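Bring the two chains, given one by one in their own frames, into a single complex with the hints.
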Amino acid sequence: MSNIYSGTDMGMAGRTRTGTGKRSIRQALRKNRTGWLFVTPWLLGLLLFYVYPLVSSIILSFTSYSILKAGSFVGLQNYRNLMGDGVFWASIYNTLYFALLYVPLSLICSLALALLLNTGRRGIGFYRTLFFLPTLVPLVAKAAIWIWLLNPQFGLVNQALAAIGINGPPWLGSDSWSKPTLVLMSLWAIGQTVMIFVAGLQDISRDYYDAAAVDGARRHQTLWRITLPLLTPVLFYNLIMGIIGSFQVFALPYSLTGGSGAPAGSLMFYVMYVYQNAFLYLKMGYASAMAWILFALIALLTAVIFASSKKWVHYQGN
Amino acid sequence: MTIQKTAQLRTFLVHLILLLTAAGFAAPLVWMLLTSLKDNSQLFASPPQWLPSPVHLQNYAEAFSRISLPRLLSNTLIVSLFSALGMLLTAPLAAYSLAKLEWKGRSLIFAVTIGVMMVPGQVTMIPEFILFYKLGLVGTLIPLIVKPALGVPVYIFMLRQFFLGLPSELQQAARIDGASEGYIYWSIMLRLAMPAVLATGLFQIMASWNDFLGPLLYLNDPAQYTLSLGLQQFQNEISTEWNLLMAAAFLMILPILILFFFLQRTFIQGITFTGIKG
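Heads up: the protein sequence lines correspond to chains A and B, in order.
Going by my numbering, the first sequence opens with residue 1, and the numbers climb by one from there.
Going by my numbering, the second sequence opens with residue 1, and the numbers climb by one from there.
With the rest of the complex left out, here is chain B (with noise of 0.2 angstroms):
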């Protein structure tokens, strides 16, 4: 009977303070949206008022014209979306060719993917900037779309682990059908491999999302500026409203947070499996 007592009183305390840490790392979230719809008498009294009443919704309508959101949105939109599709088109690829087909050269180039994985992005990131320079395509999107859309070794080494795990019988069964490499890539492999792949995909999405030094680098016309830059440029500007402030914030986190609530299960089996088999 107490044996049973403790273990009640246990799994309660463990709730309680889960529950504490939770509602505190919740709750700055919940304070920026809570900020957002309030107006400047409300947002510096004292002592704090918790909920805006009345309510002010025009913040956003606000915010939305101040820092021209549509256009920061559709500029992040178009990098995060192209990078994604093009890595998710040649990622995959390499990933199956260093997995499942045998090559001569295959370790070695393995072995370089491996190696530029450690070399931080500050290193390659002024001669890239020169190469772009150069090709004149410093001030438009392109840069940060192309570098990721040709492949991320992160994401190759992912994919790559995941193949291994496939069952190599359905490539030769497939062979002995006549099926070609392409087919038995595009329409088995990669079916196959599809909660890697995505996972993957969202994590590009979310890098170029919240890329702050790439669109530092290579943008400087606020017009093809993303979300970042966009915010910060409004954080400068007008940094004493603090709830157009967080309106803009929050709208720049609302399709993050809409893509995160519907693919939950692939953001986090992603994430373990980074962890697991990094």
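Chain A on its own, in the form it takes in the complex (with noise of 0.2 angstroms):
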């Protein structure tokens, strides 16, 4: 990264031979120029890495490209066929069934803990690791620990469930279960939700709670009038990142599976089906015209979600 070192001596060099006529120009010339410098680097890696691979992919999706052979030009027809996969309307149908359980059950379960470990001050700090430190293990790691504990024979739950009298569910063993399961053991990892919003609710000025304590006000009504209102842009936040992170649902279902997708194929989530047609079958058009399909779902649903916004995210001080 030796630019960056000569970024600085070029920077000194200009200034020392600044004339003083055309002074301003050239300044405005440094200025541009070293502003251009300082971004270069990742001017590099947004135009190899992000620019580039965008357009290349629009591209792709309209070709029959497998990477052994030059791809032809098929139009519209990798859309069209998708229309008429069974195993791509499957995912979407199980990606949409996790988001649509994930998705509240995190941030209502989040929040939950987040207010009271905003009541409960002492000891905030133990609490506070405990919760976040599920979201440390790797997800290869996670789904090794909960095959493990959801051993419907010698798992710890089903035997603890057993020690109570309930006959445990066969979890990832059966195709009504498995999507829940998932649900269950991506909530194990919400601690970052957490994290999130109790810093949200430190923020929210005491003023507010003070003028409701003289005008007395219930525990429940400052939640709901104040509280609550006053978190929505956080909210906001992690509904937005709550609903992008589990449409790209990959790694603890390919891992628990190996990337079958199995039981029955309940585990065979959308970004996993990309996965498998670019790289097993090596249908790399028709894997794009999926990631251009995903892609247009997030950003009409998350268009259609800042629409909404508007109307429930109250910012302080308006």
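Note that these hints are calculated values from the structure, not bench results.
Just to be clear, a hint being listed does not mean it is correct.
What the hints assert, rightly or not - Quick list of in silico lysine-lysine cross-link-like pairs, DSSO-like style, CA-CA up to 30 angstroms:
1) A:K69 - A:K283
2) B:K134 - A:K31
3) A:K31 - B:K104
4) A:K69 - B:K104
5) A:K283 - B:K134
Predicted, not measured: the structure shown is a model, and the values here were computed from it.
Listed below in structure tokens is the structure:
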């Protein structure tokens, strides 16, 4: 990264050489040059890993490219084929199912935990650490831990359930239980969302509560009238992040099922199918079309939520 | 008196609920640790045997040799450290330029940076793979390092927000004193932005450590595998040996845990300001 340092030298050289006549023009040029110079490494990354692949990907989605041989232009064929692809629709169903269950549950649970953490101030660091630990566990290790915990015969969970007379479900072993089980596992790692809520809560000015106390407001009233409305920007952020994240769920179900999406394809998620098409079947044009549909879906959902946010997101001071 | 009592009761209940949930959150990790120290007969005992006795520390030695752990660890370290170091050289520089320097085209570049932040990785994943394939870099660790090393839009955004909060008077004063722009950045502004810079560095290390899709795409020789791929392989080959798998999983988490305990404050700070200012 020597260009950073050479940038320093050039800045100095430019400074000493500056004449008196066209000073302001030169200064403006130098200003521009430093700005561009500083942003150059990122510009390289931006072009190479974001702009070029984006453009390339949309072109690929209209071809039958397979990396092994040059693809030919097929127009909308990939998109048309997708409409008749059963696994494609199943992966959309699975992904939506997961998102619809996980996003609201994770928001409710993490908000509840954050509210509790915000009242019990003592020991907050201790709890915070414990809630946060699972988010540090790499997804592959997470999958391994939960497969063992939820083993229908020897797993701790079903043994514990048996001890109180409940016949535990087969968890990841059945297609009706597999998605709720995945939601449960994912909820284990809501620590980060909790932390963001806690920070949001601590950001709410005490004045509102003092004023409410003077007016004799009850606890539940302050919660519904002050805390929650003022927390809506944070809720909004977590909602968007939750949706984007759950549409892209990959490593956990991949690792749990060895990439197969078993049982009965119930854990075949959208991105897993993109991966399979691109790198197993080498249908890279087809997979690119899938990726663009995903992008469109996420963009559409985000846009709808953004549009609705004017109605329900309140900013402090407004 | 009674008001005080209900307040006490409430505090007690809050702590009770928190304690129980926290125990629930920690339980899988504790169980993993305990399982990693058991032998086969203790593993499948019914009712479950909580504490391992005798303690089978040799599971760790065996897990070590089975999946050539030192190799996996060094590969993972190379990827995490180099990608983080590279990112720390480029991202704060770009963020500073976008926040504190005035130049033509700045708002365009910033808009594009924000725009690509919204694009799911799956869209760019395939052309990116083709690019590295054509460069002959598939099967090396380089693709996993180069991309983050040239800057990560989210971190650039976070750091830009942080730089925006620093007073421009410092910059101006230093300029009047004749300091070069490079010096102002490196010796003044970057130092002041250290908390944010450290936080993004930690995030990048974590992201590389946990990454699964990247290594899955780019690495095909077990000698180059990172921990996530190595562990996956372990799971498929000898899926019945839960104690060894748990030992390996614990060894994979341990470095991150240690990092977290030493740098808790930075972690939490980083996370909270991604949330608030994101």
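Inset, instruction - Check each numbered hint from earlier against the structure, then list the numbers of those it violates in ascending order. - result: 2 and 4
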